[in-house]
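Novice: Following the hints, put chains B, C and D in place on chain A, whose structure we already have.
Protein chains in written order, with my numbering: chain A, 478 to 824; chain B, 478 to 824; chain C, 478 to 824; chain D, 478 to 824.
Please note: incorrect hints may appear among the correct ones.
One copy or two, it doesn't matter: identical chains are merged, so the pair holds either way.
Claimed, not checked - Using 20 angstroms as the maximum straight-line C-alpha spacing, the simulated SDA-like pairs for lysine to any residue come out as follows:
| hint | residue 1 | residue 2 |
| --- | --- | --- |
| 1 | K624 | P758 |
| 2 | K624 | E804 |
| 3 | K624 | T745 |
| 4 | K624 | D770 |
| 5 | K624 | G755 |
These are computed hints drawn from the structure, not numbers from a lab.
There are 4 protein chains.
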Amino acid sequence: MSSTDTAPALPADVRVGVIGVGQMGADHVERIARRIKGARVAVVTDYFRDKAQQIADSVPGCRVAESPEELIAADDVDAVLIASPGAFHKDQAIACIEAGKAVLCEKPLAMNPEDAYAVVEAEKASGGQYVSLGFMRRFDREYAELKDAIDSGELGEISILNCKHRNATTLPGFVDSMMVYDSAVHEIDAIHYFLDEPIREVQAILPVPGPRAAEGQHDPMLLLFRTASGRIVTDELYVNTDSGYEVRTEVLGSQGIATIGTEVHRVTTQKPGGQWGGSIPADFRPRFIDAYDAEVQAWVAAVADGTNIAARSARAWDGYLAAATCEAAEKALTAGTFVPVTVRPRP
Amino acid sequence: MSSTDTAPALPADVRVGVIGVGQMGADHVERIARRIKGARVAVVTDYFRDKAQQIADSVPGCRVAESPEELIAADDVDAVLIASPGAFHKDQAIACIEAGKAVLCEKPLAMNPEDAYAVVEAEKASGGQYVSLGFMRRFDREYAELKDAIDSGELGEISILNCKHRNATTLPGFVDSMMVYDSAVHEIDAIHYFLDEPIREVQAILPVPGPRAAEGQHDPMLLLFRTASGRIVTDELYVNTDSGYEVRTEVLGSQGIATIGTEVHRVTTQKPGGQWGGSIPADFRPRFIDAYDAEVQAWVAAVADGTNIAARSARAWDGYLAAATCEAAEKALTAGTFVPVTVRPRP
Amino acid sequence: MSSTDTAPALPADVRVGVIGVGQMGADHVERIARRIKGARVAVVTDYFRDKAQQIADSVPGCRVAESPEELIAADDVDAVLIASPGAFHKDQAIACIEAGKAVLCEKPLAMNPEDAYAVVEAEKASGGQYVSLGFMRRFDREYAELKDAIDSGELGEISILNCKHRNATTLPGFVDSMMVYDSAVHEIDAIHYFLDEPIREVQAILPVPGPRAAEGQHDPMLLLFRTASGRIVTDELYVNTDSGYEVRTEVLGSQGIATIGTEVHRVTTQKPGGQWGGSIPADFRPRFIDAYDAEVQAWVAAVADGTNIAARSARAWDGYLAAATCEAAEKALTAGTFVPVTVRPRP
Amino acid sequence: MSSTDTAPALPADVRVGVIGVGQMGADHVERIARRIKGARVAVVTDYFRDKAQQIADSVPGCRVAESPEELIAADDVDAVLIASPGAFHKDQAIACIEAGKAVLCEKPLAMNPEDAYAVVEAEKASGGQYVSLGFMRRFDREYAELKDAIDSGELGEISILNCKHRNATTLPGFVDSMMVYDSAVHEIDAIHYFLDEPIREVQAILPVPGPRAAEGQHDPMLLLFRTASGRIVTDELYVNTDSGYEVRTEVLGSQGIATIGTEVHRVTTQKPGGQWGGSIPADFRPRFIDAYDAEVQAWVAAVADGTNIAARSARAWDGYLAAATCEAAEKALTAGTFVPVTVRPRP
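In isolation and in its complexed conformation, chain A is listed as follows (with noise of 0.2 angstroms):
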């Protein structure tokens, strides 16, 4: 990884474009500078360019791209990671594809099914595989301790699971739309990571809201999936706890009932008052922290040894079945009865 290797043809780092630097892809940007091995931020691109500018200025050898689609084509680019807003990823995946170039894809893949297939399409119709989808938490310690157990067999045959997601707060305007596309996706994901079958159908169960819930927005909610082989997902999602952020996953196997997201605490204290306990983390990072870093680490080493995709990496595919499973949940919210999830063949 230096001027003394022997393969001089190959960058000494992966060279990464990252496109779009708001909160997540600065956050990108810095942990690709500061933690992950093997790659340097070569360069950035932003609809607003002073703050690419910015953020370019931060990073030692890196430049600013003029479009996402100077940066794709770039010669200094091995890799594109995309963090632009979800309504660009389509088009930008599929001139990743078409440049040859690997790409990791924050999630969304697309805005709707029929767009997310189209990404499949064009990387089957390339012969190659180039994109990752940014499902981090397939990298997290305790989801892959849980998929590892659950494909090893040791919890028997699946029946059930159980999904539970809390959010302290959200900000204005979060509406039911949105508990599906950006909280309940993570759950649909995990659903095909675990179980590696598709999603047949939907339903949404409304109890009455709670009181910080937003006019017309139900939380609490509950969402019901049934996969092909008939298996059954709930998702309870509540994004106004007030409390902490929160992410359970219970399996129902006939060998074991495994259970994990429920120690999210480390230091365990007794305070005056007679209460004990802990803290929960007031959002998603320093639950998931790592999982950001090992994905994108995972990432990083795929590109360096050509295959492109790690291991438990989402792929397009993973992100077609989610927006097809995201379109059948929002129709859910008000059909009071189990939504069929629409899924064409795998190309």
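Specialist: Below, chains B, C and D without anything else, positioned relative to chain A:
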């Protein structure tokens, strides 16, 4: 409570008559004989007279009645405990009401909503209060603490209740309807206990059965309840876990999320081989034996002080609500959608 | 247990005489009156006669004795419960032995080892067994489970016991010697209960006192015990935590490490502000109320069946061992090194 | 960090020289090569030249030095990581100081307090700061959180620290002194880290050994430390539990009692047979692998920014304190009473 009492017309101890001395009835006889203060078993009866005689012989001063009718009418019976098969409960409970004697009736109150309603009406017509129903979980210390936390308002407004009900195993022939009438019925009463409002509709979600489920049985299954005010309750039933007995309840409130039932273990151990943990009780006894004792003790105290029904106890009306909800839940097993619960007005 | 009993010479209920009706004695009267099956409080006595009369008036059929001596000798007293100040325990216990009546004596058995030994000798000389000592923790369910686990051999050979004893607060004037005689004495008996062997030496380790420790008080402190077979027990005493009441025991065995006392909570809650946890009881009552009930119920059963002393119960010999160990522990407070415990042979 | 840097005199990555590529050294090489951002292994050396060559061949751009002296002096080495046998640490650390190069030295700093003090003096005399000592637990997330909680004052004044150190098994020949120098040394440094003051005296409490203890080995054992301000620390060492690897710390403060290390599990499972629980890691790796990574990453960052020593890192003085305390603890193994720790003034 001795011969020196100044009110000689009152019995020293509450003299209890027990109808039915199968497993449950015999347990109650042993309970009253050994652990319940202020009561003694005075008379027992059973379809199997030999069994009744054997039980009576084990208790000083206990005799056998020829029939439930004779027992209920007997001068040496102050209060009646019904532990006969469910089909006889309605008539025996009404006979107690008509005899003006307090009765603790094991669940169910009756075999259908109409019969249960008849008991409610009979008690109303009597102008007194006589009927306690054996939903003993209300007397479990954790249930009571959670009920008090809800009623105190410290959890804020409740939107969702999550219940889990797990058995290690069930007897052969435990069909889906028994999962409703024998298992879910406990959570159904718990909903009425915790939330103090009737259930309006119920839906059954049936995942692919686990490998230990009997032919035609859906185990695990998920029941969804919606209450009059729009709260949602999930009840996950899994009666062949091959693991142990567990009952959990989680309450989602706007000021707190409270959980009971996760700490059924007492001794935590680390063992050779790198495992830590504890044991799960094989059946309901270690979990709820104290609740049975507390229930009967509270009932005896209520009988002794003339109120007849303990503050926490389920009543005939709760038995009617449970019967009406179970009937709807049974229909829901095949309906595939929410089924309304028909509840007549409270007399 | 009624007037129809065929053995009229026997009392219907065990008639208990209670000596001393201060806080502890009054609790026992209320316990026997309300929760203990097969017994009633027949006679009470107290240095404050008015208090005794008031308590007697609250219990049907209960009278006041003029003195402990009269109570012990009374025909209408089958068994005696001593809850008087500790300085009187020795003489009252010996009087019970001489009267041939079972006695449950609150701790301590006596104020010094010699007096305690005198009780042991008196009981030996009587040829009977009469004395139960009120170390009620032996009847706590967790203690009993741990004791059974040790005795069963499932934990292998035991090398170390770790005990922790925490109070939220203590009354003014709670000096170091009271930390030995009032607090550590419970763990001292627990050592004898769990390990079934005497303590040979004891050392006190005194850290810098916390800011709430009274002048001259060493709180927290650490006592170290070495048993006859060479096992080590640590006892951490912290009686002004300002938090809650907690008692923990950890056993290090060659086949397992077992812990009790960590799960004193029942309802676990997540609260606004990102905290999760539960409450710690303010004093010993929620933790050990059931143990007191179980202790007295077991004693009553033992009296009724003529064995007089329950299987789990502490005896006069245990009281002597505790007294001898406390005496050494008090010396250890200033010795700075291990102090031997002098134990005379068991008669 | 690339050829476009504007400061060409500086190395792109910190070029690390690793002395000793046995298990620990090879782990560090692999760590730096795969996970540590901003560094690369430039030179390695080892007594076994073949092993060094094999390791060097696995890392692009890495060469073998003929000796530690050559490595320390080399122009292509910016900083040195010492993973040689402990007997060589002192001389190699001093050589690094004299060469003006930052060094991360695995524990121990030296084989005795005098040699450790010589390193402290050498660094003092140099006028710079060069020496980081490999007490990696300081970088464990739980340790760091607990340290921050103590330093923030939220736990109030600290009186007692309870440490537990458990291994599933040890290699043959693990004598008592190794329990001090290899195991307890970690808690000794933790005491200095958490309490920021030296230890004044130490006592060893030796219970009857467990059945797996080797001939002459006292396992488990208990070490007691008293610090300069009078705080007490218990360190329970049990290195043949046959169970798993566990490290716990409990801090007793006047405003709170905090515990770390009890939640080493991630997936909690219920299993057939009525058991619940999780697995305990077999050795220190799952528990502390992240701490090693964090330690080396922090060191690299400190070297890159010229401070040389990370904020949380142990220094030569900590190594001296550990050496002085271990020497006293070894004497305490046979002393039977508190043994003073002799600490010279900090230069």
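Novice: Each hint needs a verdict: does it hold in this structure or not?
Specialist: Quick rundown of the hints versus the structure:
When the C-alpha separation of K624 and P758 is checked against a cutoff of 20 angstroms, the pair qualifies only between copies, where the shortest distance is 18 angstroms, while the shortest distance within a copy is 24 angstroms. When the C-alpha separation of K624 and E804 is checked against a cutoff of 20 angstroms, the pair qualifies neither within a copy, at 26 angstroms, nor between copies, at 39 angstroms. In this assembly of identical chains, K624 and T745 lie within 20 angstroms of each other by CA distance solely across copies; the values are 13 angstroms between and 28 angstroms within a copy. In this assembly of identical chains, K624 and D770 lie within 20 angstroms of each other by CA distance solely inside one copy; the values are 19 angstroms within and 25 angstroms between copies.
For a Cα distance limit of 20 angstroms, the shortest separation of K624 from G755 across copies, 16 angstroms, qualifies, whereas the shortest one inside one copy, 27 angstroms, does not.
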